[in-house]
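Student: All chains, please: the whole structure from these sequences, using the hints.
Taken in sequence, the protein lines are chains L and U. For the first sequence, numbering that gives the first Met the number 0 assigns the number 0 to the initial residue and increments by one for each residue that follows. For the second sequence, numbering that gives the first Met the number 0 assigns the number 0 to the initial residue and increments by one for each residue that follows.
Among the clues, some could well be false.
You can't tell identical chains apart in this list, so a pair holds if it fits in one copy or across any two.
[Said to hold, decoys possible] In silico EDC-like links for lysine to aspartate or glutamate, alpha-carbon gap of 20 Å or less:
1. K155 x D103
2. K295 x E231
3. K267 x E255
4. K58 x D428
5. K238 x E99
6. K215 x E123
7. K404 x E99
8. K238 x D103
9. K267 x E315
10. K2 x D85
11. K2 x D307
12. K18 x D422
Hints in this document: simulated from the structure, not taken from any laboratory.
Number of protein chains: 2
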Amino acid sequence: MIKAEKLREIVGEDWVITKREKMRRYLVDETPLAIRRKPTDNVILVKPASTNEVSRILKLANREKTPVFIRGGGTGICGGAVPTVDGIVLSTERLDKIEEVDRDNLMIVVESGVTLGAMLKAVEDAGLFFPPHPGDEGAHIGGLVACNAGGVRAVKYGVIRNFVKGLEAVAPTGEILKVGGKLLKNNQGFDLMHLLINSGGTLGVITKVIFRLCSKFASSGTLVISYDNRHEAIDSVPKILQSGVVPLAIEYVEREVIEISANRLGMKWPATKGRAYLIIILTGDSEDEVYRQGEKVSAICERYHAVDILIAERKEEQANILKIRSEVYVSLKDRVADVLDITVPPASIGVMMDKVDEIAQRFNATIPTYGHAGDGNLHPHLLNDLAEKGKLREVKREIYQEAVKLGGVITGEHGLGVIRLPDLDIYPDGKTWELMRGIKSVFDPNNILSPGVGLL
Amino acid sequence: MIKAEKLREIVGEDWVITKREKMRRYLVDETPLAIRRKPTDNVILVKPASTNEVSRILKLANREKTPVFIRGGGTGICGGAVPTVDGIVLSTERLDKIEEVDRDNLMIVVESGVTLGAMLKAVEDAGLFFPPHPGDEGAHIGGLVACNAGGVRAVKYGVIRNFVKGLEAVAPTGEILKVGGKLLKNNQGFDLMHLLINSGGTLGVITKVIFRLCSKFASSGTLVISYDNRHEAIDSVPKILQSGVVPLAIEYVEREVIEISANRLGMKWPATKGRAYLIIILTGDSEDEVYRQGEKVSAICERYHAVDILIAERKEEQANILKIRSEVYVSLKDRVADVLDITVPPASIGVMMDKVDEIAQRFNATIPTYGHAGDGNLHPHLLNDLAEKGKLREVKREIYQEAVKLGGVITGEHGLGVIRLPDLDIYPDGKTWELMRGIKSVFDPNNILSPGVGLL
Chain L
0 MIKAEKLREI VGEDWVITKR EKMRRYLVDE TPLAIRRKPT DNVILVKPAS TNEVSRILKL
60 ANREKTPVFI RGGGTGICGG AVPTVDGIVL STERLDKIEE VDRDNLMIVV ESGVTLGAML
120 KAVEDAGLFF PPHPGDEGAH IGGLVACNAG GVRAVKYGVI RNFVKGLEAV APTGEILKVG
180 GKLLKNNQGF DLMHLLINSG GTLGVITKVI FRLCSKFASS GTLVISYDNR HEAIDSVPKI
240 LQSGVVPLAI EYVEREVIEI SANRLGMKWP ATKGRAYLII ILTGDSEDEV YRQGEKVSAI
300 CERYHAVDIL IAERKEEQAN ILKIRSEVYV SLKDRVADVL DITVPPASIG VMMDKVDEIA
360 QRFNATIPTY GHAGDGNLHP HLLNDLAEKG KLREVKREIY QEAVKLGGVI TGEHGLGVIR
420 LPDLDIYPDG KTWELMRGIK SVFDPNNILS PGVGLL
Chain U
0 MIKAEKLREI VGEDWVITKR EKMRRYLVDE TPLAIRRKPT DNVILVKPAS TNEVSRILKL
60 ANREKTPVFI RGGGTGICGG AVPTVDGIVL STERLDKIEE VDRDNLMIVV ESGVTLGAML
120 KAVEDAGLFF PPHPGDEGAH IGGLVACNAG GVRAVKYGVI RNFVKGLEAV APTGEILKVG
180 GKLLKNNQGF DLMHLLINSG GTLGVITKVI FRLCSKFASS GTLVISYDNR HEAIDSVPKI
240 LQSGVVPLAI EYVEREVIEI SANRLGMKWP ATKGRAYLII ILTGDSEDEV YRQGEKVSAI
300 CERYHAVDIL IAERKEEQAN ILKIRSEVYV SLKDRVADVL DITVPPASIG VMMDKVDEIA
360 QRFNATIPTY GHAGDGNLHP HLLNDLAEKG KLREVKREIY QEAVKLGGVI TGEHGLGVIR
420 LPDLDIYPDG KTWELMRGIK SVFDPNNILS PGVGLL
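Tutor: Below is the structure:
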């Protein structure tokens, strides 16, 4: 284990913390309590201010074989940031510079400790648009990239991966890597950039990111489409996508779940009919264009027996609908023991939800489920009652098995972290995991970076 | 070296070829003659019909440490398919099934030996759209993915990488790998899929691909915008992209080059004014929408002193413009000694072209250059006169150096292959190449797959 003294030589007196009471919030993340790992006792917190300092810390840690856990915004929900063995927590919070908004190349260059919120503001101020919005704006850019965050806006624009064009990262052995650039095409060797994206902090410490930006859309509209029947709602989705309309987001929620959120907020869910809802956000270059898209979507949904269609055009109305949707998790949070993140082929999410309901019934439990209907990503919420009955693991396994049967995966956007590793035996492909472990050894021969995270 | 006999046991008598005269076309690709490598003397050509046969061949080759070169459509132009050491050429041509066009999930599942042309037809027949069009429709799907092909339509939709959602591949050691699926979100471990994309046939034999498809656009229009001055043309491009219009393609050509192609085809380049041209393809959900985009683009280009703007709406007119553009390479081909593939930040392509002109002047040569203005990818064509003067390498190095100074790379879409390896010393980042070589060893411990390709 490295001595704090040596770290102080690198970052200065003030940026090495050894007192437990001054680092509490660095020892946990947003993983539900029921499955959160206990942090280890012996931790040194270090806060480098530059890529060069990160490099020196990792060289030292590698030489002394001291584990290093990377700390971004701490908004992850699969335990990847919790130091579970004695070592260093390296916080990127001082790497907080927005280096450049490059309007001519439609790119932004940011250090990894910048928050999503701060970056969005800089982009907005430049009159541009960064499409992904994975949720908590306190998340750090480095974490968003290390976890390839998703969110509701992936239907039209895809996940974070699609927007990363260049990275600077420090290898576990301390070398500074620069991959990509302000480039839209780059075939120069194996794509280490895409390998670092979603490496969950195990292959390098991301210190700088170049993102592609978009122009702002001129107009938007939010539709709430009500159905009596889940499958009619879900079956409308491919028809919408085939029609040429590509919404920014297509969310699916059910009355029981969405009303919990609305009630908690003291708001009213605007749809009075039906029990199954699509929330569709349309964007376009003009009001006309959005209107035409809305007409097209409405016609399709009516063919699939929608019982009501509400169109919100005013900013405030749209924001209210989104607010109720995005606070579903918060409204359930105190009762949640585990949030699953299964992803299936988009057309199969109705079937998948039926399976979740069947399992819930069999275990005499409620499993609130909602998700990103446009991209097949569902979040069944396993509640504390299942944990109390000791059934958490069993129910989770059954849901995972069903997702895999449908050609799905157990994590679409949240990542493996540490909490999902015990269930990877569901995927019998030993060679795939062997290759991943081999890649880890190439980058991190002493296994110092985020040990125990993301790999069997 | 494996005995042909053993290969016959796997694929049957008819599918192992040892006679040189029956395999000539499998020993070359489309790399210009001046820089094409000589194929080796001792080659066995094998044509497996299934993933399982590919797996058995690779297990055998790995055991006997026999090099294997993968053969797709042979349309590559950087020498990656030419067997340069004694071994096997494994052709994927019998893996030619289009397994499924899945309209509900907007996905297509194809074997890797399907040609781009055949796949585009199947997609078209299903009333859907596959955006990337990297050129030669004889290219095989496996090669397109292994080389992460680009092309003119990358402005709106990005390169092949963005459309790959799942892969089946056989590791050099013979195991069958399945990564991804009909999934729009997938964070299950390191992204081996993105690592296989652009691995140039060095990490595995791709046997099956799942691509995301799009809905068809209802309407399109092609603009030819004429300028007297290169920089005014180039400087319009970021303004167009900032305006909210995202064209399918933005190409840049100059009169001297485009007229060579038009003359060869016996056609007439429609623009009579100016010498620098943007070709912009607009697509939209309706004629109105395309018209509105056209108005917006025209207004911007006029501000940048466009001297003429032609709008082609009829299919035939649009096709003619594209035909002349896409045959530029063919019209120069006999004179071409090397096609470069530099990519710089999009806003820098005007400066980059000036640098190419300066170098051309200094070497008293003509270097026809044109490229994808929307994505910063330029193809300077070094002609035979430079090769004859023994100046090919020197000129290439100078152009590469200038691209790197602008934050660019030496290959945006064609790949490293073998022809670009001698120039990678321009990138001093030894650690990056060390990591790539380490990854190669993890996948291919005996270095049997495409040895000498893509890696220093």
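Student: Which of the numbered hints are not met once you compare them with the structure shown?
Tutor: Checked against the structure, the hints that fail are numbers 11 and 12, while the rest are satisfied.
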